[in-house]
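A.B. asks: Sequence:
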Amino acid sequence: MKQGIDYIGVGVGAVIRNSEGKLFLALRGKAARNEAGTWEFPGGGVEFGEGLEHALIREVREEYGFEIEVVELLDVVNHIIPDEGQHWVSPTFLCRVTSGAPSILEPHKCDEIGWFRLEDIPVQKLSIASKKSLESLKKRLAAMEDP
-15 MKQGIDYIGV GVGAVIRNSE GKLFLALRGK AARNEAGTWE FPGGGVEFGE GLEHALIREV
45 REEYGFEIEV VELLDVVNHI IPDEGQHWVS PTFLCRVTSG APSILEPHKC DEIGWFRLED
105 IPVQKLSIAS KKSLESLKKR LAAMEDP
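The sequence shown runs contiguously to residue 131 in our numbering.
Be aware that one or more of the hints could be misleading.
To be verified - With a cut-off of at most 20 Å between alpha-carbon atoms, the simulated DMTMM-like pairs for lysine to aspartate or glutamate come out as follows:
{"#": "1", "residue 1": "Lys123", "residue 2": "Asp104"}
{"#": "2", "residue 1": "Lys(-14)", "residue 2": "Glu31"}
{"#": "3", "residue 1": "Lys(-14)", "residue 2": "Glu103"}
{"#": "4", "residue 1": "Lys93", "residue 2": "Glu31"}
{"#": "5", "residue 1": "Lys115", "residue 2": "Glu68"}
{"#": "6", "residue 1": "Lys93", "residue 2": "Glu19"}
{"#": "7", "residue 1": "Lys109", "residue 2": "Glu68"}
{"#": "8", "residue 1": "Lys14", "residue 2": "Glu68"}
{"#": "9", "residue 1": "Lys116", "residue 2": "Glu56"}
{"#": "10", "residue 1": "Lys6", "residue 2": "Glu103"}
{"#": "11", "residue 1": "Lys93", "residue 2": "Glu47"}
{"#": "12", "residue 1": "Lys116", "residue 2": "Glu68"}
{"#": "13", "residue 1": "Lys116", "residue 2": "Glu19"}
{"#": "14", "residue 1": "Lys116", "residue 2": "Asp59"}
{"#": "15", "residue 1": "Lys(-14)", "residue 2": "Glu19"}
{"#": "16", "residue 1": "Lys115", "residue 2": "Glu103"}
{"#": "17", "residue 1": "Lys14", "residue 2": "Glu90"}
{"#": "18", "residue 1": "Lys116", "residue 2": "Asp104"}
{"#": "19", "residue 1": "Lys93", "residue 2": "Glu46"}
{"#": "20", "residue 1": "Lys14", "residue 2": "Asp67"}
Stated by the list, open to error - Label pairs and their in silico Cβ distance ranges:
{"#": "21", "residue 1": "Ala20", "residue 2": "Asp104", "range": "21 to 27 Å"}
{"#": "22", "residue 1": "Lys14", "residue 2": "Asp130", "range": "41 to 47 Å"}
{"#": "23", "residue 1": "Glu90", "residue 2": "Glu34", "range": "16 to 22 Å"}
{"#": "24", "residue 1": "Lys(-14)", "residue 2": "Asp130", "range": "42 to 48 Å"}
{"#": "25", "residue 1": "Asn62", "residue 2": "Leu125", "range": "21 to 27 Å"}
{"#": "26", "residue 1": "Gly13", "residue 2": "Leu57", "range": "23 to 29 Å"}
The hints are simulated quantities; they were obtained by calculation from the structure and are not laboratory data.
Using N, Cα and C, we set each Cβ at its ideal position, and we do this for glycine too.
With the hints as constraints, model all of the structure from the sequences given.
C.D. replies: Here it is, written out as structure tokens:
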């Protein structure tokens, strides 16, 4: 039985901000578990017995080779992909870089990485979950601007 296909999978996502205020995105490669060819806020599956924050730190370290700090929960996304017959529930966290610089350590899963200003994020090319988390981020930022 496969997580996300035969039963609902649990994943985690990271909206990672660097010291310049830019956000980290990765372009999903051909061997990605789902939504190949879309940009995403990175993350991955949670292993049995693993805490959400630990899973996120591990995934970013394994796939991109840098360290993050999990700051707070941004949202929880129902990541339902009808075309691929997948269903994931993914808490997404606001995170910041603590050390290192990202590189692609799993080139079969990732074609490209980059840091984007909020207004430069390729919204139409984002994964389903990342679009939802981007909406949550924009709402959070707008609420912070209102007195």
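A.B. asks: Take the hints in turn and mark each one as holding or not.
C.D. replies: Verification of the hints:
At roughly 17 Å between alpha-carbon atoms, Lys123 and Asp104 fall within 20 Å of each other, so this suggested pair holds. Between the alpha carbons of Lys(-14) and Glu31 the distance comes to roughly 13 Å, so the proposed pair stays at or under 20 Å and holds. For the given pair, Lys(-14) sits about 37 Å from Glu103 by alpha-carbon distance, which is inconsistent with the 20 Å threshold. Proposed proximity of Lys93 and Glu31 is supported: the alpha carbons are some 18 Å apart, at most 20 Å.
A hinted pair counts as satisfied when its Cα atoms are at most 20 Å apart, and Lys115 with Glu68 qualifies at roughly 17 Å. Of the supplied pair hints, the one linking Lys93 and Glu19 holds, its CA atoms being roughly 11 Å apart against a limit of 20 Å. Using a Cα cut-off of 20 Å, the hinted pair Lys109 and Glu68 holds, with the two alpha carbons roughly 17 Å apart. A distance of roughly 14 Å separates the Cα atoms of Lys14 and Glu68; the hinted pair therefore holds under the 20 Å criterion.
Between Lys116 and Glu56 the alpha-carbon distance is near 17 Å, which keeps this suggested pair within the 20 Å criterion. Restraint check: the Cα-Cα separation between Lys6 and Glu103 comes to about 10 Å, which is no more than 20 Å; the hinted pair holds. Between the alpha carbons of Lys93 and Glu47 the distance comes to roughly 9 Å, so the proposed pair stays at or under 20 Å and holds. Note on Lys116 and Glu68: the hinted pairing holds, with a Cα-Cα distance of about 18 Å set against a maximum of 20 Å.
Distance restraint check for Lys116 and Glu19: the Cα-Cα separation of roughly 15 Å lies within the 20 Å cut-off, and the hinted pair is therefore satisfied. Taking the CA atoms of Lys116 and Asp59, the gap is near 9 Å; set against the 20 Å cutoff, the hint holds. Between Lys(-14) and Glu19, the direct Cα distance comes to roughly 17 Å. Compliance with the 20 Å bound is thereby established for this hinted pair. With a CA separation close to 13 Å, the supplied pair Lys115 and Glu103 stays within the 20 Å bound.
With a C-alpha separation of about 12 Å, the suggested pairing of Lys14 with Glu90 holds against the 20 Å cut-off. Proposed proximity of Lys116 and Asp104 is supported: the alpha carbons are some 16 Å apart, at most 20 Å. Distance restraint check for Lys93 and Glu46: the Cα-Cα separation of roughly 12 Å lies within the 20 Å cut-off, and the hinted pair is therefore satisfied. Taken as a hint, the Lys14 and Asp67 pair is honoured in the structure, with Cα atoms around 16 Å apart against an allowance of 20 Å.
Between Ala20 and Asp104, the C-beta spacing of about 22 Å keeps the proposed range 21 to 27 Å intact. Roughly 43 Å separates the CB atoms of Lys14 and Asp130, a value that falls within the hinted 41 to 47 Å. Taking 16 to 22 Å as the suggested C-beta distance range, the pair Glu90 and Glu34 conforms, at roughly 19 Å. The hinted window of 42 to 48 Å between Lys(-14) and Asp130 holds, with their beta carbons roughly 44 Å apart.
Under the hint 21 to 27 Å, the C-beta atoms of Asn62 and Leu125, about 22 Å apart, fit the expected range. Roughly 28 Å separates the CB atoms of Gly13 and Leu57, a value that falls within the hinted 23 to 29 Å.
Comparing the model with each numbered hint stated earlier shows that hint 3 is the single one that does not hold.
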